[in-house]
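*Asks:* Here are the chains, one letter per residue:
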Amino acid sequence: MSLEVMSSPDYMRDPRKHHFYPYADNGGTSVAIAGDDFVMIASDTRLSRGFNIFSRDQGKVFGLTPTTMMASSGCWADVLTLNKVLQARLTMYSHEHHDQMSTTAVAQLLSTMLYWRRFFPYYVSNILAGIDEEGKGVVYHYDPVGHMEKLTFSATGASVSQIQPLLDNQIGGLNMLDVQPPKMTKELARQLIHDAFVSAAERDINTGDGILIHTITKDGKTEETVKLRRD
Amino acid sequence: FRNQYDNDVTVWSPQGRLHQVEYAMEAVKQGSATVGVKSSSHAVLVALKRASSELAAHQKKIMPIDKHIAVSISGLTADARVLSRFMRTECLNEHFAHNQALSLNKLMERVGAKMQIATQRYDKRPYGVGLLLAGFDEDGPHIYQTCPSANYYDCQAMAIGARSQSARTYLERHLEEFGSSTREELIRHALRALRDTLPNDVELTNKNCSIAVVGKGEDLSIYDDDDVNPYLEGLDQEERRGGAGGSRDAQPPAAEDDATAGAAASADATAAAPPPPPAAEDQGDSMETD
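Residue numbers (UniProt numbering), protein chains in the order written: chain A, 1 to 231; chain C, 1 to 290.
Looking at chain A on its own, in the form it has when it is part of the complex (with noise of 0.2 Å):
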């Protein structure tokens, strides 16, 4: 390098307008699965920026109604904004209609309230989990802008890549020959989603620390915690 360039300041050297970008990706990773009469949902427990830790304690799965929850990842300021405005909307719709909303009504309304955002999207990864109105477990994947889809089983986040193949294989039977997927259980939920975050924690930065669990029936919600690697 010639001397000019080595006394000259950073700014010199490459001199480039400072861009500001309004998004920040703060990880986190979440998994859903529904039963017959049950849904499980779940979320690690870490938000992080970069090789940064910032909580080794914050959940990502937001209650709704006493039959919905959601898991929501990514810009957290995105994802404490929108449950913000979602729970604003969840008691007008019950100031109005007098009764809680449904799941199926809940799914859609998130659906339109991100589609609404099309051109500066919240940036957000979310799952939807609950009880349908005949009594199932169902689980709600989407994008940052809004697409939806039904499911039974459903991974989304930082180490989405990681776990929703297992799930495919273990829940949906995919890619192997000749065998047929076990009936859904709330042990073999609860098993399969312990199992998944700890191999996801092994491999992901951004997920470890712990899991908190929710179990959602007609009757209830419970909770579990469990702890993860913490590095």
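Hints listed in this document are in silico derivations from the structure and should not be mistaken for laboratory results. All values derive from a computational prediction rather than experimental measurement. Every residue, glycine too, gets a C-beta built ideally from N, C-alpha and C. Mixed in with the good hints there might be a few duds.
When the alpha-carbon atoms are kept at most 30 Å apart in a straight line, the in silico DSSO-like pairs for lysine-lysine are as follows [what the hints assert, rightly or not]: (1) Lys136/A x Lys186/A; (2) Lys221/A x Lys67/C; (3) Lys84/A x Lys218/A; (4) Lys150/A x Lys221/A; (5) Lys49/C x Lys114/C; (6) Lys67/C x Lys218/A; (7) Lys114/C x Lys60/C; (8) Lys60/C x Lys207/C; (9) Lys106/C x Lys84/A; (10) Lys84/A x Lys67/C; (11) Lys84/A x Lys114/C; (12) Lys84/A x Lys227/A; (13) Lys150/A x Lys84/A; (14) Lys221/A x Lys114/C; (15) Lys84/A x Lys216/C; (16) Lys186/A x Lys221/A.
From the derived model, a few chain C residues whose C-beta atoms are all more than 12 Å from chain A [to be verified]: (17) Asn3; (18) Tyr23; (19) Thr89; (20) Ala150; (21) Thr205; (22) Arg240.
Given the coordinates of chain A, work out where chain C should sit on it, guided by the hints.
*Replies:* Frame of chain A; chain C shown alone:
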């Protein structure tokens, strides 16, 4: 017209009165009665639901506003719904922007400001509804009353609507007991006050009565139909005072009244009363008042 100063709300009378506002307050007296009362820990509303005919359902009187506020209406139901929607959005905004419940005094300031606009514009009319609000916030339980005049009053207890004077008399008589009442005693007091507004041959039933309760450690509950039964038990056995109320302020409430509603309207008029309204049972007016 009664005089040449009562056509527009923007015209003062020579006596310094706004007749249109006072006429709006008459609409409140047409609505069926509702009572609010508070103790040191709870605030309660009870309301008499009216059915426009035997075929129709009883009109809802008590509307939830937030987890800590309910409002009971007397007068033009449609106007009440507009105000309720306003109050609900104010409460939602407080949760969204400040992560806290809206305190009652702040809410009343906003409702008062909104209602006042309609008393000072030539292209509007006053809201024809009186509200009783029950709420619980960081300062404890509250009962507030609003009028079409846009005034609002912080009350220990209050009753508004048709024949509500009898209820107010009951409340005045028992005022010292409310502070230390339990939740159940407080509801009972409110129901007794409400019952005093009924004619002798009519009773409180689970069809015509609504109850709202909010208090310390207790989110708002509103009871209708069968949920009201436990609170009404034994009430019709108790003795009544006042019979069909509507007596003038100075007279003792025990005076028997005939069933005409003319007395009800004229009893509490602070202004010179307009011509006697049709009997309270007659729902034939075009304005839906409940």
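*Asks:* Starting from the hint list further up, note which numbers the structure goes against and sort them upward.
*Replies:* 14, 19
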